[in-house]
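Peer 1: Same order as they appear, the protein sequences are chains A and B.
Here the numbering used here is used: the first residue of the first sequence is 1, the next is one more, and so on.
Here the numbering used here is used: the first residue of the second sequence is 1, the next is one more, and so on.
There's no promise every hint is true.
[To be verified] Each computed SDA-like pair below joins lysine to any residue, with the alpha-carbon atoms no more than 25 Å apart: (1) A:Lys44 x B:Glu31; (2) B:Lys61 x B:Glu233; (3) A:Lys44 x B:Gly48; (4) A:Lys44 x B:Asp40.
[Said to hold, decoys possible] Heads up, incomplete: computed chain B residues facing chain A, CB under 8 Å, no partners named: (5) Phe37; (6) Leu38; (7) Gln39; (8) Asp40; (9) Arg41; (10) Val42; (11) Phe286; (12) Asn289; (13) Val324; (14) Trp326; (15) Leu328.
By construction, these hints were calculated from the structure, which means they are not laboratory data.
All residues carry an ideal CB built from backbone N, CA and C; glycine is no exception.
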Amino acid sequence: MESLSKRAKVLTKKPMTLAERAYLPAIFQGLSITMQHFFRAATKKQVTIRYPEETRPFSPVFRGLHVLKRDEKGRERCTACGLCAVACPAEAITMVAGERKKGEENLYREEKYAVSYEINMLRCIFCGLCEEACPKAAVYLQADKMAPPRFERDEFIYGKDRLVEPVAPDLRSKRGIQLTPEQADTLRTQTA
Amino acid sequence: MTLPALGWQGLVVLATFGISLLIATYCTYAERVIAAFLQDRVGPDRAGPFGLLQPLADAVKLFTKEEFFPAGANRALFVFGPCLAMITALMSSAVIPFGNFLKFGDTEIHLQGIEINVGMLYVFGIVSLGVYGIMIGGWASNNKFSLLGAIRAASQNISYELAMGLALIAVLMMSGTLSLREITLQQTHVGGGWHLSDIFTWNVFKQPLGFIIFIVCAFAETNRTPFDLPECETELIGGYHTEYSSMKMGLYLFAEYVNVFVATAVMSVLYFGGFNYPFQYEFLDFLTNKTSLSADWAHNIFVLMGVVAMFAKIFTGIFFFMWVRWTLPRFRYDQLMRLGWTILIPLAIFNILLTGGLITFGVIQ
Chain A
1 MESLSKRAKV LTKKPMTLAE RAYLPAIFQG LSITMQHFFR AATKKQVTIR YPEETRPFSP
61 VFRGLHVLKR DEKGRERCTA CGLCAVACPA EAITMVAGER KKGEENLYRE EKYAVSYEIN
121 MLRCIFCGLC EEACPKAAVY LQADKMAPPR FERDEFIYGK DRLVEPVAPD LRSKRGIQLT
181 PEQADTLRTQ TA
Chain B
1 MTLPALGWQG LVVLATFGIS LLIATYCTYA ERVIAAFLQD RVGPDRAGPF GLLQPLADAV
61 KLFTKEEFFP AGANRALFVF GPCLAMITAL MSSAVIPFGN FLKFGDTEIH LQGIEINVGM
121 LYVFGIVSLG VYGIMIGGWA SNNKFSLLGA IRAASQNISY ELAMGLALIA VLMMSGTLSL
181 REITLQQTHV GGGWHLSDIF TWNVFKQPLG FIIFIVCAFA ETNRTPFDLP ECETELIGGY
241 HTEYSSMKMG LYLFAEYVNV FVATAVMSVL YFGGFNYPFQ YEFLDFLTNK TSLSADWAHN
301 IFVLMGVVAM FAKIFTGIFF FMWVRWTLPR FRYDQLMRLG WTILIPLAIF NILLTGGLIT
361 FGVIQ
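Excised from the complex, chain A in its bound form (with noise of 0.2 Å):
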């Protein structure tokens, strides 16, 4: 029959060789093969990743823990609107929104804050679809943090304490953390 791919490959069947059937040159053969990837093992780097002191680079556009951001005076910017709550598509964000006193205004930026914002992490599913409804630039997803693992159902129900970003920028996300308009011009203006 006419082949169609005209990849076939015709197969004959024959008898063993007397080497073949001794089978001892195939074993020095497979030893031969192993050996060199003894060697390869102990001399190149090997591909495996040990995984708690090296970890795997992370995608740039990876979508892990939430973060709050602060503005540049180092005020939140959350103004509790529920955006992110109603674009939520596992309905895992939860917020009070409060009014802000008089003498608070280095605190929250706006006059209405968010007095508490929890993100259950047993829900989210990591969209980013709060991200992209923000539209004050506050919630963030980062690109170098996950939820850790914990024993409890209700340590993953993240709250402020653990969702606002730090004052000090040096304990803030080292890698991939994705700037506000505002930052990113204040950047360039320092940077220029």
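Guided by the hints, dock chain B onto chain A, whose structure is given.
Peer 2: Positioned in the frame of chain A, the structure of chain B alone reads:
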């Protein structure tokens, strides 16, 4: 034998025992590291530097695991099986000559646990007993898979012991003795001058066919891949030790490594000149004449170098066992039996005839 000499000999026995155990312990580590390297992996590297404390961690784990007895198992035999496997494995290392004798004035310490003139027979007898440990354990487990593994072990050991014994007879025909020490001492060339004949006196060059038969049978006797049918995971779960847990399991695994150690030790004695090493007499000559050492110490250093050579041969052998294990796939049971009965045994008989002919016509002594 005087009393102090007896005491020294006791120490040698203890040392042999300890070394067998230590080597078996680190075989478990070496096996994993070698397996990892042969497969481009890393291997255990968590416990201690380079994972060197891994055997210790394993021992702690095995000792603290639950002692499990299957329902309907014969309890006494169930415990006796692994014990027997371990005892026989350790007993066989007693007659291995790890070196010649050390000299301190009049006292001579032979670096061999027990010196008997039928050492080879003793090793064979004990190794054959070893299969009872597997059989008893497999039978006492009250488990079909264990029993199948045990039956396989028994039939495999019987078939391969025949070929092994026949391969050995050719060596014995040449050496004319069963004493392992005598066989070792014959594999050297006494004489001056620069020559490589210290190596070519090794039996492996006089008995290449016998050596191949012997090493194949040694793989089968120690139940190592490609002949590890008794514990064949794909068919028998774990073979004879399916039902075993905790240190009883550990003893079986340990016994296997002690057996590997003994098999390589016997192999280096029979075929690789034991504690002989190339240029040894030149070395002795150098020590006695060119250095200020006393005659005793020159002799002792010369002998200790022999011990080092012996262990180098043993470690190379163990490495080869592991290398083969992570290279070859397992034989099928019928292939194993066909290889044993229809190929190895006729080949071994042919080897005997060949050796006999060569001796008769004076080609080799």
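Peer 1: Could you tell me which of the numbered hints above are not met by this structure, giving the numbers in increasing order?
Peer 2: The structure breaks hints 11 and 12; every other hint is satisfied.
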